[in-house]
Amino acid sequence: MKTFTQLCCDSGRVCNMLAEQGVQRGETVIVILPRLIEWWTINIACLRMGVVISPGEVRGEVVKAFVVLKHRFSLLSKPS
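For the sequence shown, the numbering used here gives the first residue as 154, with consecutive numbering after it.
Please keep in mind that the hints were generated in silico from the structure rather than gathered at the bench.
We put the CB at the ideal spot given by N, CA and C, even for glycine.
Treat the hints with caution; some may be incorrect.
As the list claims (entries may be wrong) - Pairwise CB distance ranges, derived in the manner of DEER restraints:
1. Q177 with M154: 27 to 37 angstroms
2. G175 with M154: 30 to 40 angstroms
3. G179 with M154: 29 to 39 angstroms
4. P208 with K155: 12 to 22 angstroms
5. A172 with P208: 17 to 27 angstroms
6. Q159 with L186: 10 to 20 angstroms
7. L186 with C161: 18 to 28 angstroms
8. G165 with L189: 12 to 22 angstroms
Use the sequences and the hints to build the structure in full.
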């Protein structure tokens, strides 16, 4: 169980990590995780940055649509 203070600090670290990777306001981050606290931490970080979050599964047609539309996107997932 995390406190709101811990969640705020953790989401700040995720903001910094995303910014270091070049993610900017208005861009899309696809998150593939079960609904764990880390999922919420990433959601809060994206909200803080003004980044669009797309939760769920990524199938070939979704990635293809992003490529065809020439959108830049980031993909966060649980390691296999």
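Results of checking the hints against the structure:
no. : hint                               : result
1   : Q177 with M154: 27 to 37 angstroms : 33 angstroms, holds
2   : G175 with M154: 30 to 40 angstroms : 33 angstroms, holds
3   : G179 with M154: 29 to 39 angstroms : 33 angstroms, holds
4   : P208 with K155: 12 to 22 angstroms : 19 angstroms, holds
5   : A172 with P208: 17 to 27 angstroms : 20 angstroms, holds
6   : Q159 with L186: 10 to 20 angstroms : 18 angstroms, holds
7   : L186 with C161: 18 to 28 angstroms : 19 angstroms, holds
8   : G165 with L189: 12 to 22 angstroms : 18 angstroms, holds
In summary, this structure violates none of the numbered hints.
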